[in-house]
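A.B. asks: Given next are the chains, with one letter for each unit.
There are 2 protein chains.
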Amino acid sequence: MTRVAAVQLAPVVGDLDGNTAKVTAALRDALEQGADVVVVPELATSGYVFESVDEARSAAIRPDDPRFDEWARLLATRPGSVLVVGFAEDAGEVLHNSSAVVTADGVQAVYRKVHLWDREKVFFQPGDARPPVVETEHGRIGTMICFDLEFPEWTRIAALAGADLLATPTNWPLGPRPNDERVAEVQIALATARMNHMAIAFADRSGTERGVEWSEGTGIVGADGWLRDSVGAGTGVAWADLDLPASRDKGQSELVDLFGDRRPDLYGPLLG
Amino acid sequence: MTRVAAVQLAPVVGDLDGNTAKVTAALRDALEQGADVVVVPELATSGYVFESVDEARSAAIRPDDPRFDEWARLLATRPGSVLVVGFAEDAGEVLHNSSAVVTADGVQAVYRKVHLWDREKVFFQPGDARPPVVETEHGRIGTMICFDLEFPEWTRIAALAGADLLATPTNWPLGPRPNDERVAEVQIALATARMNHMAIAFADRSGTERGVEWSEGTGIVGADGWLRDSVGAGTGVAWADLDLPASRDKGQSELVDLFGDRRPDLYGPLLG
Numbered sequence: 000m001t002r003v004a005a006v007q008l009a010p011v012v013g014d015l016d017g018n019t020a021k022v023t024a025a026l027r028d029a030l031e032q033g034a035d036v037v038v039v040p041e042l043a044t045s046g047y048v049f050e051s052v053d054e055a056r057s058a059a060i061r062p063d064d065p066r067f068d069e070w071a072r073l074l075a076t077r078p079g080s081v082l083v084v085g086f087a088e089d090a091g092e093v094l095h096n097s098s099a100v101v102t103a104d105g106v107q108a109v110y111r112k113v114h115l116w117d118r119e120k121v122f123f124q125p126g127d128a129r130p131p132v133v134e135t136e137h138g139r140i141g142t143m144i145c146f147d148l149e150f151p152e153w154t155r156i157a158a159l160a161g162a163d164l165l166a167t168p169t170n171w172p173l174g175p176r177p178n179d180e181r182v183a184e185v186q187i188a189l190a191t192a193r194m195n196h197m198a199i200a201f202a203d204r205s206g207t208e209r210g211v212e213w214s215e216g217t218g219i220v221g222a223d224g225w226l227r228d229s230v231g232a233g234t235g236v237a238w239a240d241l242d243l244p245a246s247r248d249k250g251q252s253e254l255v256d257l258f259g260d261r262r263p264d265l266y267g268p269l270l271g
Numbered sequence: 000m001t002r003v004a005a006v007q008l009a010p011v012v013g014d015l016d017g018n019t020a021k022v023t024a025a026l027r028d029a030l031e032q033g034a035d036v037v038v039v040p041e042l043a044t045s046g047y048v049f050e051s052v053d054e055a056r057s058a059a060i061r062p063d064d065p066r067f068d069e070w071a072r073l074l075a076t077r078p079g080s081v082l083v084v085g086f087a088e089d090a091g092e093v094l095h096n097s098s099a100v101v102t103a104d105g106v107q108a109v110y111r112k113v114h115l116w117d118r119e120k121v122f123f124q125p126g127d128a129r130p131p132v133v134e135t136e137h138g139r140i141g142t143m144i145c146f147d148l149e150f151p152e153w154t155r156i157a158a159l160a161g162a163d164l165l166a167t168p169t170n171w172p173l174g175p176r177p178n179d180e181r182v183a184e185v186q187i188a189l190a191t192a193r194m195n196h197m198a199i200a201f202a203d204r205s206g207t208e209r210g211v212e213w214s215e216g217t218g219i220v221g222a223d224g225w226l227r228d229s230v231g232a233g234t235g236v237a238w239a240d241l242d243l244p245a246s247r248d249k250g251q252s253e254l255v256d257l258f259g260d261r262r263p264d265l266y267g268p269l270l271g
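Protein sequences, first through last, are from chains E and P.
Quick note: numbering that gives the first Met the number 0 has the first sequence finishing at residue 271, numbered continuously throughout.
Quick note: numbering that gives the first Met the number 0 has the second sequence finishing at residue 271, numbered continuously throughout.
What the hints contain is simulated information worked out from the structure, not anything from laboratory work.
There are no misleading hints in this set.
Which copy? The list can't say, so a pair holds if one copy fits it or any two copies do.
Computed list of lysine to any residue pairs in SDA-like fashion (alpha-carbon distance at most 20 angstroms, straight line):
hint : residue 1 : residue 2
1    : 120       : 52
2    : 120       : 251
3    : 249       : 172
4    : 21        : 65
5    : 21        : 232
6    : 249       : 174
7    : 120       : 265
8    : 249       : 117
9    : 120       : 259
10   : 120       : 263
11   : 120       : 254
12   : 249       : 161
13   : 21        : 64
14   : 120       : 257
15   : 120       : 250
On a predicted model such as this, the values are computed, not experimentally measured, just so you know.
Assemble the whole structure, with the sequences as input and the hints as a guide.
C.D. replies: See the structure below:
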C-alpha cells in the first residue's frame with residue numbers, strides 16, 4: 000500500500016522564501032508520518048492572486064532551483080517517496096503555472112498547466128504538452144493542475160497514459176453552492192476517478208488572498224470513486240492508504256471493462 | 000422556460016403491453032401537469048433482466064410501431080412537447096438497446112446504445128452512431144443511454160454537437176456505496192453537466208427484477224451542475240423548470256469559456 004498525503008497550505012502571495020519554508024515543513028512532517036506520496040497546492044511557492052507579471056516573476060523559480068534539491072534530500076530520508084508541488088516556473092521569456100514530480104533523485108518531470116483559468120492567462124503562458132506519467136516505486140504518478148481536471152479529455156489522456164494516481168495541485172476559488180453540496184470541483188474529481196478507475200489526490204489551498212477566498216477542498220479519492228479523506232477548513236492533511244497499481248484493472252465484471260468498452264473508432268474526429 | 004419531467008417507472012420484464020400502458024399513463028400525467036419534455040427509463044417497454052435473446056426479441060419493437068404513433072397523438076395535446084423513451088429495438092437480424100425522441104410529428108430520432116453494459120452484450124448489438132441532437136421548440140435535445148453517460152468522450156461529443164439537455168434513459172443496478180453518498184452514476188451526471196454546461200435529465204427505474212435491485216436514481220441536473228430534483232425510492236417524477244438554450248453559453252467570465260478553453264490540438268491523437 001502507498002500512503003498518500005494531500006496537504007492544504009496557506010501560501011502568501013509573493014513570499015517565495017516563506018512559502019518554500021511552508022512546503023519544506025509540510026513535506027518533512029508528512030514523511031515523518033509515513034507518507035510515500037505528498038501533494039501540495041498549485042503555485043505553493045508563489046501564491047496566486049498576482050497584481051502584475053513582475054510580481055509573478057519575482058516569485059518564479061526554475062526547475063533547477065536549489066529548492067528542489069533541498070526537497071530531494073528530504074525525500075531521501077524515506078526511500079521511494081515522491082513530492083508533487085505546484086510552482087510558478089521561470090522559463091526565461093515567459094512564466095508557466097507548473098507542477099513538478101520530485102524524488103530523492105531530483106525533479107523527474109515538470110508539467111506546465113495547459114488549461115489556464117481566468118486571469119492566470121495574464122501572467123502565464125499555457126503549456127503545450129500532455130500530462131506526464133512518472134513510473135515510481137509506488138506506481139505510476141500523473142500530474143495536472145486545477146482547472147485541467149475539469150476537461151474530461153485531459154483526465155482521460157492521463158488515465159490512458161497509465162496514471163495510477165493523478166496528483167493534482169489546485170487553488171480552487173470559493174464559488175456559490177447549494178447547502179449540503181460538495182465543492183463542485185471535488186465532485187468532478189470523484190466522478191473522474193470513477194470513470195477512469197484512477198485515484199486522484201487534490202491539494203487545495205486555504206487562507207484569503209487579496210479578497211479571494213478558497214474552497215479548501217483538499218482530499219483523496221480512490222480509483223473506485225469514493226472519497227477517502229478530506230481536510231475542510233484551515234490548513235491540514237488528507238491521508239489515504241491506496242493500492243496504486245490496482246488502478247490498472249479497469250475490469251468491473253467478466254463483461255465490463257471501462258477502457259475495453261470505449262469506442263475510439265467513434266470518438267476521434269469530433270474531439271480532434 | 001422548459002418544464003422537464005424525468006419519470007421513474009417499474010417495468011416488468013417481457014410485459015410489452017403492460018409496460019407500454021405504464022409509459023402512456025406516465026406521459027399523459029406528465030403532460031397534464033405541464034411537462035414540455037418527458038424522459039422515461041431505458042428499456043421502459045421491455046424490462047431489462049432477460050433470460051434469453053428470444054425473450055428480449057418478444058418484447059422488442061420497431062421505430063414504426065403504432066405505440067410511437069399513440070405517444071405522438073398524446074404529445075399533440077401539448078404543443079411542442081417531447082418524449083424520450085428507452086425501448087428494445089427490433090432491427091431485423093439484431094436487437095438494439097435504443098432510445099427514441101418523439102414529438103407530435105412522430106419519431107424524430109432513434110439512438111442505439113453504443114456502450115453496452117455487462118450482459119446487455121448477450122442480447123443487443125451495439126450502435127455505431129453518435130448521439131443525435133434534435134432541434135425542438137424547447138431547445139436542442141440530445142439522448143444517450145445509461146452506461147454511455149460514464150464515457151466522458153461520449154457526453155463531450157453530445158455537448159459539442161450542441162445538446163442543451165441530455166435526456167438519458169437509464170437502468171442503474173444498485174451497487175455498494177458508503178453511507179451518505181449519492182448514487183455513483185448520479186455523481187457522474189452532476190460532474191458531466193458542470194464540465195459541459197449542459198443540463199441532464201436521467202430517468203432510472205425502480206422495482207426488483209429477477210433479483211436485481213435498482214438505484215432509483217432518477218433526477219434532473221441544471222447546466223450549472225447542481226441537482227434540481229430527484230425521485231428517491233419507488234416510482235415518481237422529478238421536475239425542473241430549465242432555460243435550455245442558456246446551456247449554450249459556455250462562458251463563465253470574460254476570460255473563462257468551457258469550450259473555448261479546450262485544447263483540441265493536444266487531445267486528438269491519444270483519444271483517436
